[in-house]
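Undergrad: The residues making up each chain are set out below.
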Amino acid sequence: MIDERSRKKLILEHSRRMNAADVDGLLELYADEVCFEDPVGSDRRSGRDALRAHFEELVAAEIEEVPGQPVAGQDGVHVLVPVTATMNYLPLGPVFAGRGWLTEPASPENKRITWDYVVMMRAGAGGLIQELQMFWGRSDIGVAD
Amino acid sequence: MADEAALKKMALEYAARMNAGDVEAVLELFSDDILFEDPVGAPPLVGKDALREHIAWSIECQVHETPGRPVTSMDGRRVAVPTTVTVRSPTKLTFSIIGVIELGDDGLVHHAQAFWGITDTTVGDGPELTGVAHFMAVTQNLAQMVNAKGSSSRT
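Those protein sequences? They're chains H and E, same order as listed. Counting from 1, one number per residue, gives the positions in the first sequence under full-length UniProt numbering. Counting from 1, one number per residue, gives the positions in the second sequence under full-length UniProt numbering.
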């Protein structure tokens, strides 16, 4: 059980480290047996190596998250936050387009992906994140100049 | 599997029907085997009869829901929506929640989760309390809400 305020600090610190492109710092927030879904409803992946690779892709695209107000479950483990984010279309955009998640723009250079999602985390022993789920669908992502 | 626009509409429709105070119209959105967690961490409600009582109680408390922007998922089943919920009876409480619903193939909600904590709840319109004073005020007012349950329908 982790108190509500500590869980909210954890999820905001996660955004801060994401924006600082601090992949090692992000991994420090996670338990060894982590699993994650980004987006929810796509492949569920597990392990720190897969998570590191995932964060490296986001950081390479210069992701910038603007978190809203976090909320805590009364189960001692969950915390969620709505986020608006942008990142460079390259390198991940073509992967998303290939999966039918967005439409490839005519000139992908200098384009940004714009995004709304809700982050859900489950934290366990030692205040470390055991599960990360990102809620977003095709209608929550777009491409802008 | 519903399309994303239909999924999001479902989340907004729930808020609209709650605000209209129509218990049966709210219940039409849910499956008979609904699993309803409000708040997540309390024992879940299972089935429509248990949910009817909960919805009727919320409406007795003059619930009003103001949903933010819903987001969905890639499986066409889930929606998450940040929402501000207020109740005005027996006292005014404001909850900052994130609701997550999951729809079945029948287009009805089979699982609903309302995530909100004591630290996501504010009491009245006065100056915002902090720390232990806030915790005590919230828990006492939640207890009052529970004690008032069903009182207006009793004769």
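Note that these hints are calculated values from the structure, not bench results. Only a predicted model underlies this, so the values are computations on that prediction, with no experimental measurement involved. Built from N, CA and C at the ideal position, the CB exists for glycine as well. Take the hints with a grain of salt, since some may be wrong.
[As the list claims (entries may be wrong)] Some, not all, of what chain E presents toward chain H, calculated at C-beta under 10 angstroms:
1) GLY21
2) ASP32
3) VAL40
[Unchecked claim] Okay, the calculated beta carbon distance ranges per label pair:
4) H:ARG16 / E:VAL46: 46 to 56 angstroms
5) H:THR84 / E:ASP106: 26 to 36 angstroms
6) E:GLN140 / H:ASP49: 24 to 34 angstroms
7) E:GLN62 / H:ASP49: 44 to 54 angstroms
8) E:GLU128 / H:ARG16: 45 to 55 angstroms
9) E:GLN62 / H:THR103: 25 to 35 angstroms
10) E:ALA50 / H:LEU90: 46 to 56 angstroms
11) E:GLU28 / H:MET1: 48 to 58 angstroms
[What the hints assert, rightly or not] Stretch by stretch, here's where chain H covers chain E in the computed footprint (C-beta under 8 angstroms, at least three residues):
12) 62 to 72
13) 123 to 133
Undergrad: Compare the structure with each hint and give your call.
TA: Hints and how they fare:
Of the supplied interface hints, the one on E:GLY21 is violated, with its beta-carbon coming no nearer than about 25 angstroms to a beta-carbon of chain H, more than 10 angstroms. Of the supplied interface hints, the one on E:ASP32 is violated, with its beta-carbon coming no nearer than about 25 angstroms to a beta-carbon of chain H, more than 10 angstroms. Below 10 angstroms, beta-carbon pairs count as interface contacts, and E:VAL40 has one with chain H at about 4 angstroms; its hint therefore holds. Range check, H:ARG16 to E:VAL46: Cβ separation about 39 angstroms, and the 46 to 56 angstroms hint is violated.
Take H:THR84 and E:ASP106: their Cβ atoms lie about 33 angstroms apart, and the range 26 to 36 angstroms holds. The hinted window of 24 to 34 angstroms between E:GLN140 and H:ASP49 is violated, with their beta carbons roughly 48 angstroms apart. In this structure the hint that E:GLN62 and H:ASP49 lie 44 to 54 angstroms apart at CB holds, the actual value being about 52 angstroms. Range check, E:GLU128 to H:ARG16: Cβ separation about 24 angstroms, and the 45 to 55 angstroms hint is violated.
Range check, E:GLN62 to H:THR103: about 45 angstroms between beta-carbon atoms, so the 25 to 35 angstroms window is missed. At about 51 angstroms, the CB distance of E:ALA50 to H:LEU90 agrees with the hint of 46 to 56 angstroms. For E:GLU28 and H:MET1, the hinted distance range of 48 to 58 angstroms is not satisfied, since their beta carbons lie about 37 angstroms from each other. For the region 62 to 72 of chain E, the proposed coverage by chain H is satisfied: 4 residues have a C-beta within less than 8 angstroms of a C-beta in that chain, meeting the threshold of three.
A stretch counts as covered by a chain when three or more of its residues have a beta carbon under 8 angstroms from one of that chain; for the region 123 to 133 of chain E and chain H the count is 0, and the coverage is violated.
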